[in-house]
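Residues in the sequence shown are numbered consecutively from 0, following numbering that gives the first Met the number 0.
Any given hint might turn out to be false.
Derived Cβ-Cβ restraints for the label pairs, each shown as a range [claimed, not checked]: (1) Thr74 to Pro202: 46 to 56 angstroms; (2) Thr180 to Leu6: 19 to 29 angstroms; (3) Leu241 to Ala90: 42 to 52 angstroms; (4) Thr180 to Trp97: 44 to 54 angstroms; (5) Asn254 to Ala196: 46 to 56 angstroms; (6) Pro202 to Ala56: 36 to 46 angstroms; (7) Arg150 to Thr79: 22 to 32 angstroms; (8) Ala91 to Thr220: 37 to 47 angstroms; (9) Glu44 to Pro202: 32 to 42 angstroms; (10) Arg150 to Gly100: 49 to 59 angstroms; (11) Arg177 to Thr74: 26 to 36 angstroms; (12) Ala31 to Leu241: 24 to 34 angstroms.
Hints in this document: simulated from the structure, not taken from any laboratory.
Note that the structure is a prediction, hence the values are computed from the model and not measured.
Where a beta carbon is used, it is the ideal one built from N, C-alpha and C, also for glycine.
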Amino acid sequence: MRLDLSLDWRTDNVSGRSGWGLTLGLSRAETATKQARATYNSRLEETRLAYSYTPPARMGAIAHTFDVVRSAGSTNVTTTQGAFFNRFEAAASQGVSWFDGGQSQRLNTSIGTAIVVADGQWAWGRPVTDSFAIVSGHSSLGGRTIAFESRGPSAGATARTGLFGPAVISGLGTYSPRTVTVTVDDPPDGYDIGNGAFRIFPPLFGGYRFVLGSDMSLTVTGILSRPDGKPAALVSGTATSLDRPDAPPILIFTNAAGQFSLNGVGPGRWVLKMRGVADPFAFTLPPNSGNFVDLGTLQTVGAP
């Protein structure tokens with residue numbers, strides 16, 4: 000709770016009046032999103048009571064404010080509600096004023112939305128006031144819904160993909176680092192989406208485009224066997240794609256039984272080079288081989 004007190008002297012050249020004025024304010028912030036405040040201004044003979052709830056801009060969130068102002072000869076009451084949806088936001092404000100000899104009412108409504116483009120990709124989302132990001136899913140996800148900064152299965156998310164295409168994350172602040180978490184509804188078995196988040200550092204009025212997933216998202220398992228038939232136990236090495244020379248090697252380890260698990264693999268030819276094993280191992284994944292592949296036991300390329 001906070002108490003504010005100010006005292007000032009003011010002279011009005013038009014009316015010729017002058018004098019001291021006192022402003023007294025009492026405010027309380029229950030959380031970062033809920034605030035209440037009461038003020039009194041002796042010069043204006045005005046008393047104000049205000050309450051506001053401004054939640055983060057997540058789907059389904061509703062913000063509201065309530066404001067009462069009592070001054071000499073009049074009373075004004077204003078309420079405002081705002082709702083956030085995936086592709087747009089809406090607001091309504093209603094006010095009532097009572098004054099000497101009458102009453103007036105007013106009602107305002109508004110709907111805001113935006114169509115944005117980045118790197119040739121168009122998308123529909125909530126209004127953009129600064130930077131934004133367009134995010135879509137790779138075809139290997141089969142059109143599954145992707146939610147961003149979700150607090151549940153596509154609930155309470157900042158944005159999500161859907162019937163109308165890619166998602167628009169519109170609340171990106173300039174030069175403010177942001178880590179956006181990703182949730183895929185019912186992802187394919189064995190599908191690797193990495194660390195489930197991406198980090199951005201937006202410039203002024205910047206636009207990003209991201210594609211979540213790729214065909215290099217498969218998971219393979221197997222057992223590595225030495226030429227003498229013993230497992231290649233507790234060794235490390237790298238897996239390299241022969242068909243994608245620009246792809247970085249993937250680090251690989253085996254356990255005591257020679258078993259390994261490899262994430263981020265795609266269709267094509269692969270070579271495994273392990274420390275302490277003279278000859279490499281190799282395997283080939285055909286297209287549409289599924290997201291989880293058990294290779295069984297692999298022999299070195301030079302093994303009979």
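**Item:** Structure-inconsistent hints, enumerated in ascending order
**Value:** 2, 3, 5, 6, 8, 9, 11, 12
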